[in-house]
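Assemble chain B onto chain A, guided by the hints.
The primary structure of each chain is shown beneath.
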Amino acid sequence: MRELLAGLLQQATRRGATSADAFVVEDQSFSAQVRLGQVDTVKHAREQHMALRVFVGKSVAAASTSDLSRESVTRLVDEAVSLARVTSPDEMGGLPEAAELARQVPDLDLHDPRGHDLSPEEKIDLARRCEAAALEADPRITNSEGGDFSDRRARYAYATSHGFTGEYATSSFSLAVSPVAAANGEMQRDSWYHIARKRARLDAPEEIGRIAARRTLRRLGARRVKTAEVPVIFDPDMAATLVRHIAGAASGPALYRRASFLVGKLGERIAAPSVTIVDDGTMPGALGSRPFDGEGLPVRRTVLVEQGGLRSYLLDTYSGRKLGLPSTHHAARDGSGVSVSTTNLHLQAGDRDPADLIRSVKNGLYVTELIGFGVNGVTGDYSRGAVGLWIDNGELAYPVEEITIAGNLLDMFHAVEGIGNDLVFRDRTAAPTLLIGRMTVAGS
Amino acid sequence: MLARPERFFADRFGLNAGTMERLLGGTLAGRVDHADLYLEYRISEELVLEEGGVKKAARHVSQGAGVRAQSGERTGYAHTDDLALPNIEEAARQARAIADRASTSAVVAVGADGPPHDLYTLAEPPIAADLDRKLKLLGRVDAEARSLDPRVRQVIATLGSEDVVVLIATPSGWTVGDVRPLTRLNVTVIVEDGARREIGSYGGGGRVAFDFFLEQDRWKRFTGEAVRQALMKLDAVDAPAGEMTVVLGPGWPGILLHEAVGHGLEGDFNRKKTSAFSGRLGQSVASELVTVVDDGTIQNRRGSLNVDDEGVPTRRNVLIEKGILRGYLQDRLNSRLMGMEVTGNGRRESYAHPPMPRMTNTFMLAGEDEPADIIRGVTKGLYAVNFGGGQVDITNGRFVFSASEAYLIEDGRVTRPVKGATLIGNGPEALTRVSRVGHDLKLDEGVGTCGKDGQSVPVGVGLPTIRIDRMTVGGTQV
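Here the protein sequences line up with chains A and B, keeping their order.
Residue numbers for the first sequence, in the working numbering: 1 to 444.
Residue numbers for the second sequence, in the working numbering: 1001 to 1478.
Just chain A, with the same shape it has in the complex (with noise of 0.2 Å):
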């Protein structure tokens, strides 16, 4: 992999780029699922491809391939350069300095070779069992949407024409499982998962199945309730969808574009005190992690906002230049070119027992689920579907459905009033059980 970078960015330098760079991926991947019991789907792949960046002067563009044949190679030079002699020329462009550039590739554990030396049929049987012990944990469990087990193993290689190389494997493996339940004509689906780097840590497909199975059944009963403005908990993974927000509207080219509700708010208070959110690619074995971002900075732990004030946008060197700001080394590489994005991020853990945030709301909304695409990330606007269960003097009550939450995004984050103790990693961004004193919930 090495000597084909190294191949390619020569050729786009004698074809008249000024500076390039580029990265090729390796992958294979397997994913079963079975339904019922019953094998559905088994699918297989192997992939591979390359992308190249170019700058002639100041100007810049890509182009991707998965063709890796030597024809292919001096194609894929040729229309990038030649798009870049269209481009308008920015002087903010350009590959970092090369005192940035990560000296080292740590390694951080994210590969784990022994775990994918599983035959077809163990993988098959691991996406069985999990649909099996969800489809066993009540006679009200009628259907499935299926079990699912997949694995991936990725090779990535990058290169700049100033003199980065550096490359990283990583494995990931992942079960789920979405029963079905139905009771007196009602029907309702809900899933549990969990994804690892390594097989090992992989939940037991019984304790999944048995989550899911139990966070379907308490769907069963969904009523609507009437619109009211009511203190709203959400669920770990729903509050990690909040934070997601956040880091959208701190991201560099929302930034510069004046497309975010965090425009010229660097250091000031966006959040309640308690709210401590950190994005950290330096994490072993994690999902998010990364030995060196898309143009070869080392990763590093960022804290994004601390104690409710925003402390760093994420940046990378593009974007920082535009703002005046170093970069965060939050860049991520993809055939178009360069964006950000984050590595392990999350809000901190607060000391709240979940239980007792619920117990400490009289008549609130407790969020399992949020559909559409209801935010606006220019105001902070904020308005999706929920499902979830309604809190009634302190305890969870009765499933609820059909009906939406609304508010802005900055005041839902000062307006957080308690912090869980319950931050578990399940996937890249996490955050505990999050109590918001007020938003507006529409139903009937």
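Each hint should be verified, as a subset may be incorrect.
[To be verified] Stretches of chain B that chain A covers, calculated by requiring three or more beta carbons in the stretch to come under 8 Å of a beta carbon on chain A: (1) 1151-1157; (2) 1400-1408; (3) 1417-1429; (4) 1454-1460.
Note that these hints are calculated values from the structure, not bench results.
The C-beta atom is built at its ideal place from N, Cα and C for all residues, glycine as well.
For chain B alone, kept in the frame of chain A given last:
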């Protein structure tokens, strides 16, 4: 035209009718119910203008083969992006290894279901149009937007084009190909007025040539719409919260149909009986004023296809006729298992994905009401004319779609603009509350992309002005 994909893969990769027959007849033949091979070659281009210049330009080539073998309810699928014959053979072996275990029947010969359409033959596909003309158009969009209002602070214009060549072959020996052009122009503006800041977006496209954007000054209209929407939102008041009468404008608000009924009528969910519409064929699921069709055969539309991704010619399928549920959207697997006809709705994002039942262009037929009368008849309600995305929970039928441009209706008049709000309803119920249908059916401009199970495909929607007597609006104003 139809010979083109075959010749393309033969010339470029040495994959001719003979090699494919050997592959399908050898590795895949035997005890499977269905097997097919899908070859795909895709070139795409993306040009992005921001801050007055085209700062992002990218071209991508992707190619690959997907091999599928099915028996009973099981599907084995393998894909490779290396189109050398040994790799495709290996993929075929993997696909078959899964499918062929418990099978009971021999290969069912699936005939080609009639000739493909010819819906988007272009003299010059958009990907091949002159780059300078494209860059110039983006520059004009920028200048136009800024000239419309001094509060326009940022203009982002994106022009995407692609050309996809596909070839589908089955063991029964038939192959069908398609060449699919697609293009889209999107304009996003950020406006600022004092401390208030808003965003507006508009765009369009289809399986059309680049000149489409210049004809009738479409680019100018898209730009003007983006600016108008952003400025309108600067003055928007908080949206109301709770149940009320909702009037949807024509065109893109047809996303209602896509979420409320379309997904729930896809064959896979109904075969598995996990849809809120399962087992309801022949029953009333909408008011008598409502007829909904999914039509993949409309000339040059974004959601149209000459053949679906299983080689079945697309059709005009009536889903709901005068309120009665008439049909599902099917791919080969689900139609076979349900004993129903294929409908030309087997679609996939690319060779890396197995096909499944998907929508094409989904819309409601026009009624007889005068749109202005529909609004005049509402004492208090919401008039929503533009939307962002939507989503649905197939199993309980609850769906949402988010209004990006909406107004209050007070005493029969459209009054103040309100902030974006999500509308929520229940699929099998929402259309029973449609009490007026306008004569102004409009299809959307050609920007829709539908996501299902991790696969995105281009789709279209359409709607006349309609009145829904009761729906929950997710604003903040109690």
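Structure-based check of each hint:
With 3 residues bearing a CB less than 8 Å from a CB of chain A, the region 1151-1157 of chain B meets the requirement of three and the coverage assertion stands. Here the region 1400-1408 of chain B counts 3 residues with a CB under 8 Å from a CB of chain A, which clears the bar of 3, and the coverage holds. Counting residues of the region 1417-1429 of chain B whose beta carbon lies closer than 8 Å to any beta carbon of chain A gives 7, which reaches the threshold of three, so the coverage claim holds. With 0 residues carrying a beta carbon less than 8 Å from a beta carbon of chain A, the region 1454-1460 of chain B misses the three-residue requirement, and the given coverage is violated.
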